[in-house]
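Novice: What follows is the residue order along each chain.
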Amino acid sequence: MRHSTGAERSDPPAIAFDDVRKSFGGRTALDGLTLSVGAGETVALIGPSGCGKTTALKLVNRLLDADGGAVRVLGRDVRSEDVIALRRRLGYVIQEGGLFPHWSVEENVAAVPRLLGWKEPDRRRRADELLAMVGLAPDEFRARRPRELSGGQRQRVGVARALAADPPVVLMDEPFGALDPIARGALQREFLDWKRRLGKAVLLVTHDLREAFRLADRIAVMDRGRVRQIGTRAELERSPADAFVKDFVEQGTA
Amino acid sequence: MTGFWESLWQRRAEIVALTGQHVVLVLVSTALAVAIGLPLGIALTRRPRLAKPVLAAASVIQTVPSLALFGFLIPLPLLGGIGARTAVTALVVYALLPILRNTYAGITSVDPATVEAATGLGMTRGERLRLVELPLALPVVLAGVRIAAVVSVGLAAIAAAIGAGGLGVLIYRGIATVDNRLILAGALPAALLALAVDGALGWLERRESSWRTT
Chain A
3 MRHSTGAERS DPPAIAFDDV RKSFGGRTAL DGLTLSVGAG ETVALIGPSG CGKTTALKLV
63 NRLLDADGGA VRVLGRDVRS EDVIALRRRL GYVIQEGGLF PHWSVEENVA AVPRLLGWKE
123 PDRRRRADEL LAMVGLAPDE FRARRPRELS GGQRQRVGVA RALAADPPVV LMDEPFGALD
183 PIARGALQRE FLDWKRRLGK AVLLVTHDLR EAFRLADRIA VMDRGRVRQI GTRAELERSP
243 ADAFVKDFVE QGTA
Chain B
2 MTGFWESLWQ RRAEIVALTG QHVVLVLVST ALAVAIGLPL GIALTRRPRL AKPVLAAASV
62 IQTVPSLALF GFLIPLPLLG GIGARTAVTA LVVYALLPIL RNTYAGITSV DPATVEAATG
122 LGMTRGERLR LVELPLALPV VLAGVRIAAV VSVGLAAIAA AIGAGGLGVL IYRGIATVDN
182 RLILAGALPA ALLALAVDGA LGWLERRESS WRTT
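Taken in sequence, the protein lines are chains A and B.
First residue of the first sequence? That's 3 in my numbering, and the numbers climb one at a time after it.
First residue of the second sequence? That's 2 in my numbering, and the numbers climb one at a time after it.
Read the hints as simulated data drawn from the structure, not as lab findings.
Check each hint, because a few of them may be wrong.
Part of the chain B face toward chain A, derived, beta carbon under 10 Å [to be verified]:
{"#": "1", "residue": "E15"}
{"#": "2", "residue": "L80"}
{"#": "3", "residue": "D112"}
{"#": "4", "residue": "A118"}
{"#": "5", "residue": "A119"}
{"#": "6", "residue": "G121"}
{"#": "7", "residue": "L130"}
{"#": "8", "residue": "L132"}
{"#": "9", "residue": "L137"}
{"#": "10", "residue": "S210"}
{"#": "11", "residue": "S211"}
{"#": "12", "residue": "R213"}
A quick note: this is a predicted structure, and the numbers were derived from the prediction, not measured.
C-beta atoms are modelled at their ideal positions from N, C-alpha and C, and glycine is treated no differently.
The following block holds chain A by itself, in its conformation from the complex (with noise of 0.2 Å):
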C-alpha cells in the first residue's frame, strides 16, 4: 500500500502538531499542542468548549495559522505549500455539512474535482460513485438542493464532498454533532464501515465524548490549550492522566 525506502525509515504520520501556540487577542487558544494522527489512524480531539480543538482542526487546512510550532500534513510543514493545493488534498467535512445552497447535491459532492478542473463526464460519475457509497440512491438524490434534504441526509453529501477526490487525511468538524440520535447512530455506524473500506486518516472534533468512544482509535482530551491524556478508551477508562481527565471521562459516558 505505501511504499517504504527502508526498514530504518517509518512514514511520517498523517498529521503531526508539533508544540503548536495560538492565541487571538490577548486569549491563549493552544499552549503547546503535540498531537499526531498515524496513517489509517482515527483521532478524536474533545474537551470542554473552549479548549482549542476546533482551533487545533482548522490550523491543519490554515483556515487559521499558528503562532509558533509547526503543523505537518504526512510529513510536510503546512506553511511550506501552496495553501490552496493543501487544501484540495485535504477532506473537510462540517458541521451540518456546509453545502453549498444554490447547488444541487451532484455539484456539491463534485466541487473539488471541479476545483481540479476534472471533465464533467468523470466528475458526474465519481459523484454517482460517493452518493451510493453513503447511501443516497444518485438517481433520486443527484438533482435536489440542499433544501430538499434531511439534516442527515445533508451531512451524507457533506462527507461524500469531502471524500470526493480520494484525499488522504480527512478533517471532521462537529460532523454529526446537529443530529438526531438516530441519525447519528446511524452516520457513525456508517462512519466505521467507509473507514474500514477507504483506510483515511482521520481528526475529527467532537463534543460528544460517546461518539469519539465509538469512532476514533485514539482519544485526546484536552483542556485550555494543552491535551491532557491521548489514547484508547481501555487507557481513558482505566488509568485517566489526572482528575479533569477522570472527571470528563465519567461525565461523558455516565
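Fit chain B to the given chain A structure using the hints.
Specialist: Chain B only, in chain A's frame:
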C-alpha cells in the same frame, strides 16, 4: 374621455419615439451604474473599513434634488452640458447607490459558514466570489438593480428639462400649455414603463433565488 384617447392616438408616433428615447436613457444609465456599482460593491466587501464612508457618501449624493443635479452638471466638461449625456450622468449617479449598497449587503450577508466551507475546500478568492458569493448574493443585487431602474424611469422624465428628450418632453410641454392631456400622454407611458421594468426584473430576481425554496 374619448377626446383624451383620440389625442393619444393622434400623437402615437411622437409617443413611441419619445418612449424609445426614454428606454435608451434608462437602459444606458442602469447598465453603466451596474458596470460601476457592482465591482465597487465587491471591492468594498474586501475593504470593510471603506464601506461605511463610501456608502454614506453615496447616500448624501442621492439627497441632492435631481433638478439641481442636472443644473450643476450643465457647466461641467465631458460629463455635463445640454442633452442626453448629462442626463445619463445624473441617472447613473442616482442608480449607483442602490446597486452599490445591495451588492455590498448581498455579499456580506452570505452565511459565513458557507464562505468558510468554500475556503476550506480549496477555492481561491476569485473562485469563491464567482462560484459562491456572487450567485448567493444575486437576488439581493438584482433587487438593487430593479430599484435603480424603476427610479431611473421617473428621473429620466425630469431630464427633458435639460434637453435630453424622453417622455418628459410631453410632460413639460403639457405644463407649459396647461394641457392635462399632454401631461398624461407623457406620464401614462412612463408609469407603464416603470411597471414593466419592475415586473421583468422582479421575475428575474425570483428566478435567481429559486434555490432558497425549491
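Novice: Which constraints among the numbered hints does this structure fail? Numbers only, ascending.
Specialist: The structure conflicts with hints 1, 2, 7, although it agrees with all the remaining ones.
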